[in-house]
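Peer 1: So you can see what is in the structure, the chains are spelled out below.
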Amino acid sequence: MSTVSWLTLRGLFGRRRFLLLLPLPVVLVGLAVLSRWLGVTPRDWGPPVLVGLGLAVVLPVVALIVGTGVLGAEIDDGTVVHILTKPLPRWQIVLPKLAVATAVTGVTVAVPLCAAGLLADSARLGLALAAASAVGALAYSALFLALSLLTRRPVLLGLVYVLIWEGLLGSVVSGTRVLSIQQYVITLADRIAPTDLLLGDVSVPVAASMSALISVGFTVLAIDRLRSFSVAGETS
Amino acid sequence: MPEPTGVIHDIGYQRYTGPRLGRRAVFGALYLHGLRTAFGLGRSAKAKIFPWLVVGIVTAVAAALTAIRAQIGEAVMTYAQFADNMSWLVIFFVAVAAPELVSRDLRSGVLPLYFSRPLPRADYPLAKLLALATALWLLLGGPQFVMFLGAAFSTGDGMSGVAEELLDLLPSLLYAGLWAVVFASVGLLVASLTGKRAFAAGGIVAVFLMTTPIVGTLSVMPSRTVNELAFLASPSTLVGGVGSWALGDLLVSEDQRGVPIGGFGPVYAVVAVLLVSGCVALLLRRYRKVAAR
Chain S
617 MSTVSWLTLR GLFGRRRFLL LLPLPVVLVG LAVLSRWLGV TPRDWGPPVL
667 VGLGLAVVLP VVALIVGTGV LGAEIDDGTV VHILTKPLPR WQIVLPKLAV
717 ATAVTGVTVA VPLCAAGLLA DSARLGLALA AASAVGALAY SALFLALSLL
767 TRRPVLLGLV YVLIWEGLLG SVVSGTRVLS IQQYVITLAD RIAPTDLLLG
817 DVSVPVAASM SALISVGFTV LAIDRLRSFS VAGETS
Chain V
5 MPEPTGVIHD IGYQRYTGPR LGRRAVFGAL YLHGLRTAFG LGRSAKAKIF
55 PWLVVGIVTA VAAALTAIRA QIGEAVMTYA QFADNMSWLV IFFVAVAAPE
105 LVSRDLRSGV LPLYFSRPLP RADYPLAKLL ALATALWLLL GGPQFVMFLG
155 AAFSTGDGMS GVAEELLDLL PSLLYAGLWA VVFASVGLLV ASLTGKRAFA
205 AGGIVAVFLM TTPIVGTLSV MPSRTVNELA FLASPSTLVG GVGSWALGDL
255 LVSEDQRGVP IGGFGPVYAV VAVLLVSGCV ALLLRRYRKV AAR
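In order, the protein sequences belong to chains S and V.
Each residue of the first sequence is one higher than the one before, counting from 617 in my numbering.
Each residue of the second sequence is one higher than the one before, counting from 5 in my numbering.
This is chain V alone, in the form it adopts within the complex (with noise of 0.2 Å):
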């Protein structure tokens, strides 16, 4: 038997020796990745497109309002009826911002490698939905916070006349809050189930545009509880039946009624919270299975 000839050449790798960045950092990445990926940044110019024309719109809107307001002397809009107001806006943001997260990574099946990490699975449906409702907020707070700008600047009373703005501004803020979790959870479970952006799109915006003239339905049968109860057949006016409960007479002035929704205001901040938790409940379960097909 001859003598074994092989050699084992030492070509120079290293141990990496460096800190080891562990769970929070992943999660922190997938979070700031999210977001950026949400507006297109660090993308080329064409994923930029659709999110700038929302943030346009949005933006320019909220200008329009402001300069109304400076030379008028009266609001238009409340905060939080802005938010209302822009909800087709929101939604089409959802359909654009919700595959772009979660639609690519199914279909270009790299999900397996985010999972080789140190990075458990609840973590990454969680950092791409945290991402998604940043970005949602920031969408419906920054005009808020431009139509604030205008307002402080303008008012004629001083610190007293700013801080009383600050005060209708917060609650506002969040109730934007509010409606960007609704939102993302909702557009992101539904996104989730495919791969095909394009797909992923029209479901989104199916699911919300369906519910819409289900209320307006609802709201003519002959039953007040009924018409009452109407409001949480559609994800915005379930948002609006829970802000008037809540922050009711910091959202709308008196002579402007919030959502009629009579004394159920709890039962809509319990079907908030079901439907948020549920649809959170659905996308962990999706992505417990999703990688390993």
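Bound conformation, chain S alone (with noise of 0.2 Å):
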């Protein structure tokens, strides 16, 4: 494990704020063995748990919440400069701080997803929605990383994108549906096991290669802006 990854872990895990990203995950499995327990179908509690809860607002605002937090808030105080001097290439600050925000954000949906989906349908179901999270994982700290370097308030951006684009517009405009991860981890997640509780709006190639596509694409966008970057003071 390299230095950066180490201090990044430490700047996630180091205050008490981590905590906050705990009731979420908790809520999930909690209604998922609530819903089970009093003996609700499946198809009734699935979708708001499974889709509504899990995919549609616990991945992306933990992805979020992390994904920023890993490099947006060393540029919010300043101290991103003792990185930046270091004489390290720029895919070494990158790419760790990916992996811990994919790690962190991975295991904190993933796991309460893989239980909620084996209390629903199956085990089947369980492993199928933990690797698709983990994919959409991948895909949004990535975007939100490079968010974080391309703007001075990632958070309201990531917001829009999350909201607006994949809530608002996503539910009218179904076209908008192609450039949306939410809809990639659904599709991802219901060709690893079909059910009918999960209904993908993209096909099953344009999913996985959309998914490649924006990691790679925001993990080298990232590394670029942070070749050029300048570290300038709040100003509005």
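Negatives, chain S to chain V, calculated, CB over 12 Å:
| # | residue |
| --- | --- |
| 1 | Ile699 |
| 2 | Lys702 |
| 3 | Cys730 |
| 4 | Arg740 |
| 5 | Arg807 |
| 6 | Ala809 |
| 7 | Asp812 |
| 8 | Leu829 |
Partial list, computed: chain V residues near chain S (C-beta under 10 Å):
| # | residue |
| --- | --- |
| 9 | Val58 |
| 10 | Leu93 |
| 11 | Phe96 |
| 12 | Leu197 |
| 13 | Arg201 |
| 14 | Ala202 |
| 15 | Ala205 |
| 16 | Gly206 |
| 17 | Leu213 |
| 18 | Thr215 |
| 19 | Thr216 |
| 20 | Leu222 |
| 21 | Ser227 |
Stretch by stretch, here's where chain V covers chain S in the computed footprint (C-beta under 8 Å, at least three residues):
| # | segment |
| --- | --- |
| 22 | 638–644 |
| 23 | 672–686 |
| 24 | 773–785 |
No lab work stands behind these hints: they were computed from the structure.
Don't be surprised by glycine CBs; every beta carbon is placed ideally from N, CA and C.
Relying on the hints, combine the two individually framed chains into one complex.
Peer 2: Written out as structure tokens, the structure reads:
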């Protein structure tokens, strides 16, 4: 484990505020257990819990907070200078940070989703959801990490993407779903474990290739941006 | 012992003899400043992007609805449904505005400066809360007023048509006020917990979004009572429940049904009051100690 990823991990977990991430997965598993215990049919509770809560809220929100936090927090308080002045190639800064963000998001989201999928249908659905959400965690983290280098307000811009693009437009204008990570995750999970609980709107090749393209593209963009990064004070 | 040689020069310091404005003026200034901050007025162009993006989208939707209504002659959405459908944008606006209002002051540590003025502890959070609620009310009420103007000018019944339209508008403005108060109190409480604007925005969105699927799950539970009480779980459906109980006939026409809450209307009203007063109480509690760190 490189020093950069070690520092990033400590930056994420060194404060109490990472505890804020816990309620989301807990609620997810809690609702699944409650529905199962009361004997509601999975057809009824599956979509709101797995998709509505898990893939549409928990995954993007956790990825947003973690993904913009790994680099954005350091840029915010100015300590990014200490890393930038070390004789490290930029990719050795971006990649470990991306790896940490993906791992933390993936574990926080995949474990409860796996449990919920297991309760809803089968172990296969649980594993499919876990695998697909890990892919989604990578794509979201790459996107939000690049955003934190492109703008001073990465969280708000990320929220525009999650709330307005995926949430609002995605439910009205169906064409925008081709550019929605959430839809890729749903499609991939549905492909691995076909059930009637998940309904993907994009084709599997599109989902797979676009997830890969977003992950790689935004990582390359982040490395490139960090190459010519200028540390400026807060302006607004 | 030598004679003291120091002299005190009169360099012209003067006492302030003008009028001294009291608590009300401080409160008013904080409120006005908060309201301007929520929309990014008096700040750089960067600070205006996100608030005005939301205002722009909401107004554009209202204008589109008005145009459709003028063409086909019947309303696509009532005023109250407009407020309900804009809930994601309202959440986003709270996530933009609430951290600007309170998290910046926490982070830059200027609260001791505020509290060294004749300003009681409770006034600071209350002024901010009032400012955020006003901003949200303007955000929802402004486009409704645009829709009203469109309807009033395209009505075929003369003044009686306008009066009827006005009677539709007024309860909806009240309903928008309910939205504003509930969302502002919850959002400001979350934002006041952290000095980092990024975390505050994420936290606000997490709190509001997380609760909506809980409603979805509870409303498929095998008990009718639970189904009818499910809408308590999320602020937006809670507001919808109170609205359809208190202003029911005024908000939705006969063929559309409001939130199906059965006979639990008073429960919804009580919970809404408890939620708002609980959030305000926690906010005041937070500001009793916050600057003393």
